[in-house]
Amino acid sequence: MADGNGIFGIHGTALRLRSQRLEMLASNIANAATPNYKARDIDFEKALALASNGRTAADAVDAAVAYRVPVTPSLDGNTVELSTEQTLFAENAVQYRTTLSFLEGRINTLKRALKGE
67 MADGNGIFGI HGTALRLRSQ RLEMLASNIA NAATPNYKAR DIDFEKALAL ASNGRTAADA
127 VDAAVAYRVP VTPSLDGNTV ELSTEQTLFA ENAVQYRTTL SFLEGRINTL KRALKGE
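The opening residue of the sequence shown carries number 67 in the numbering used here; numbering runs sequentially from there.
These are calculated hints, taken from the structure and not from any lab test.
Certain hints may be false.
[Unchecked claim] What follows is a set of in silico ranges between Cβ atoms, one per label pair, in the way DEER data are often shown:
no., residue 1, residue 2, range
1, I95, T164, 19 to 29 Å
2, K181, Q152, 39 to 49 Å
3, D142, S167, 32 to 42 Å
4, A179, P139, 52 to 62 Å
5, D142, A179, 52 to 62 Å
6, S167, A115, 18 to 28 Å
7, N102, F168, 37 to 47 Å
8, L176, Q152, 34 to 44 Å
9, S140, E183, 52 to 62 Å
10, F168, A96, 25 to 35 Å
11, V137, A99, 16 to 26 Å
12, V160, D125, 25 to 35 Å
13, A98, E183, 42 to 52 Å
14, I95, A179, 35 to 45 Å
By construction, the Cβ of each residue, glycine as well, lies at the ideal position given by its N, Cα and C atoms.
Construct the entire structure; sequences and hints are all you get.
Structure, rendered in structure tokens:
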């Protein structure tokens, strides 16, 4: 079974991808002062499309990761722009929570159906 199939459809895969993106953005923020650290991000739409076409979430993430090009390069070679990373992290966290809420609703519907309500 591909990642996008099953009772949760593509939403289970989307949740995994958003979680992995949160981890990557958090790593960028944590390394904001690390010389020569290169900020990375996941192209979520690309990763989701790849996962929808039968690739595993892990393979889709690997294929959709790219290094961020900074607007203002740092003298120490670090490409993390803290305000950008924090904004992207917050946006992705909201999207993660939205997907999670949808899945919780689906689980509750399934539970009610199993109970015969």
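Evaluated hints:
Distance hint check for I95 and T164: the Cβ-Cβ separation is about 21 Å, which falls inside the suggested range of 19 to 29 Å. In this structure, K181 and Q152 meet the distance hint of 39 to 49 Å, their C-beta atoms being roughly 43 Å apart. Restraint check, D142 to S167: a C-beta distance of roughly 41 Å satisfies the suggested window 32 to 42 Å. The hinted range of 52 to 62 Å is satisfied by A179 and P139, whose Cβ atoms lie roughly 55 Å apart.
For D142 paired with A179, a C-beta distance near 57 Å keeps the hint of 52 to 62 Å intact. At about 23 Å, the beta-carbon gap between S167 and A115 stays in the expected band of 18 to 28 Å. Against the hinted window of 37 to 47 Å, the Cβ-Cβ separation of N102 and F168 comes to about 40 Å, which satisfies the hint. Restraint check, L176 to Q152: a C-beta distance of roughly 36 Å satisfies the suggested window 34 to 44 Å.
For S140 paired with E183, a C-beta distance near 57 Å keeps the hint of 52 to 62 Å intact. Taking the beta carbon of each, F168 and A96 are about 29 Å apart, inside 25 to 35 Å as hinted. Range check, V137 to A99: Cβ separation about 18 Å, and the 16 to 26 Å hint holds. Range check, V160 to D125: Cβ separation about 26 Å, and the 25 to 35 Å hint holds.
Checked against the hint of 42 to 52 Å, the pair A98 and E183 passes, with Cβ atoms roughly 50 Å apart. About 41 Å separates the C-beta atoms of I95 and A179, a value consistent with the hinted range of 35 to 45 Å.
This entry satisfies every hint, going by the numbered hints stated previously.
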